[in-house]
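Protein chains: 2
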Amino acid sequence: MAEVVESRQWVMTAYAEEGLPTPEHVTLITTKVAVDAASIPEGHAAVQVLWISIDPYLRSGMLGRMDGLCFPPFPIGKVITTLGVGRIIRSKDASYCEGDIVLHTSVPVADYCIAPATMLRKIDMGTRISPLDYLTAFGLPGFAAWIAIHLIGNPKPGENVFISAAAGAVGMLAGQLAKLKGCRVVGSTGTDEKVNLLKEEFKFDDAFNYKKEADFDAALSKYLPSGIDIYVDNVGGKMLEAVLNHVNKKARIPLCGMISQYNQVWTERDGVRNLLNMIGKEVRMEGFIITSYLQQFQDFEQEIGEYLNEGKLVSKVKIVEGIEGFLESLLSLFSSSNVGKVILQVNK
Amino acid sequence: MAEVVESRQWVMTAYAEEGLPTPEHVTLITTKVAVDAASIPEGHAAVQVLWISIDPYLRSGMLGRMDGLCFPPFPIGKVITTLGVGRIIRSKDASYCEGDIVLHTSVPVADYCIAPATMLRKIDMGTRISPLDYLTAFGLPGFAAWIAIHLIGNPKPGENVFISAAAGAVGMLAGQLAKLKGCRVVGSTGTDEKVNLLKEEFKFDDAFNYKKEADFDAALSKYLPSGIDIYVDNVGGKMLEAVLNHVNKKARIPLCGMISQYNQVWTERDGVRNLLNMIGKEVRMEGFIITSYLQQFQDFEQEIGEYLNEGKLVSKVKIVEGIEGFLESLLSLFSSSNVGKVILQVNK
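Residue numbers (the UniProt record's numbering), protein chains in the order written: chain A, 1 to 348; chain B, 1 to 348.
No lab work stands behind these hints, which were simulated from the structure alone. Don't be surprised by glycine CBs; every beta carbon is placed ideally from N, CA and C. Mixed in with the good hints there might be a few duds.
Between beta-carbon pairs, the in silico distance windows are [said to hold, decoys possible]: (1) A:303 x B:42: 54 to 64 Å; (2) A:211 x B:267: 14 to 24 Å; (3) A:151 x B:27: 49 to 59 Å; (4) A:245 x B:309: 57 to 67 Å; (5) A:249 x B:312: 46 to 56 Å.
Chain A with its partners taken away, still in its complex shape:
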């Protein structure tokens, strides 16, 4: 007889064209999932979801059309999927056993799911790299930071690196990576508490609270008096414009995200008026998405794995407990209220 578990799940109910998503757009419903061996197809496993990665690109999936991030819309009426970590509760695939902890590359925001083994990756619990690292330094935020700093930024020791949203999931790791490569690193963030964190815990050389700076140009003159060689842009808009007034010759600007820009239609966004500066200073600005760099994922894992095993990379996480906190955790990305990577804890 089928063994059935109740599974709450977040479903896309209406697209949010502008502004922040609300309970009109996403709804928590309860469904049933059959998790007995007979109900699970061969090559699949039943997974209890533990942690869900909460990232800004989820907002793009709720737009109902392809935006600048080119992230496809979540289908209406379907559960929202993303990256997460779970526990195998029953397996019909030889590679996985009950109790295994796995990374799931397309996990539903739900309590339980039946997953094809091809979407799972077993997490070795016998190393210093923890399951949460797979959603932070050893996972996509770390990979994004590594692409930005190592591949696109390619810093020389002594260069000046500026990072916006520096206490966020990608920023905190990009700053530490740049420090490990011998750069002077300055970050901007949205609270004084996070300024202290950047300097004390993440060992940034300096940091400032952008909400207390009426004039970004003056702030950059003060905190980066030798100019900017690499700018890891996580916010876009006015800060990007200000940076272009402070770039050094041959500066590199990896574009990781533009958190300030996701909730308006593009014609209402802040225009960057000084792209002309890119000519005289020969600046290279480059957008990227991590799936284009998967052939370098092993290089990333090796380098970051060593740092993690040597205790050289620190990650902060903000854990929102309970699946009902999904919308709240997503909105928190846009409010400067977070420190580090936001993770939704669905089950324990």
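Given chain A, work out where chain B should sit, using these hints.
For chain B alone, kept in the frame of chain A given last:
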């Protein structure tokens, strides 16, 4: 006894912060130049100036401060200098003889000058490459086009290349180079006459008059239905913004110049609001100035020299006759009135 010639020359008299330069800013005065052997220092030569290259960056030198192009201001009270071609009328350097035609890399906008031999380069009159080619395809506009297409754009056959200010000095050459590399090439320009020129003389696949297009987005959809892989930006502003709505994955945007942006202070320039598109499409935008690429100048000369000898590259020039036409020729760069490279003919 000193042999003296009268030499008219254009002098910087006041900087033009905004708008176009006027006779208040530059003045034609008459001076005397001693051209007898005793007056010329060793290692120098007396040069009669023939042709002066008229380029948009001259506008930046008249600002009185470093702008986005990082071109240093012309000193007040001094003659304006640029690139030109002249004829040796007396030489105190063993490498040059009377009658030699030379490229002068810092020629004054004047009838005559005394030049150090290090600033001169003899033009071999026995090839198919003419002295005017040294100011067009075989000179800086050609080098800029080659950097944009060959080094930064690095096109694959069949890719879609869009070029703004396409009938200008750099644009006409960039388009032909992209055609030689097997691309589909579309240009925008400011008159119907130039649209025809692009299609008929420069063999562009298509071209449009941007002044007749109320909606650049619609124009790009029409003329580049398969999107844009390389955009050679010579204008900046609204056209750059429109292009970012039509870029293909991994598009490249070499920034050669931003002719629409030179006559306003930067805070009044058109802001580009859709840089977010650079992330999803993984666009690389890169400014450059040619002096950073001098180590590749020989590669350029070899490739372009072959095209010129095979008759595969055509240049149009607009020659303004008489040194008194300097200001007029400079202003013409900003008015869509030119076809091809603007050259001031000082002497015959």
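Hints, one by one, checked against the model:
About 59 Å separates the C-beta atoms of residue 303 of chain A and residue 42 of chain B, a value consistent with the hinted range of 54 to 64 Å. Roughly 22 Å separates the CB atoms of residue 211 of chain A and residue 267 of chain B, a value that falls within the hinted 14 to 24 Å. Distance hint check: the CB atoms of residue 151 of chain A and residue 27 of chain B are about 52 Å apart, consistent with the given range 49 to 59 Å. Checked against the hint of 57 to 67 Å, the pair residue 245 of chain A and residue 309 of chain B fails, with Cβ atoms roughly 45 Å apart.
At about 35 Å, the beta-carbon gap between residue 249 of chain A and residue 312 of chain B misses the expected band of 46 to 56 Å.
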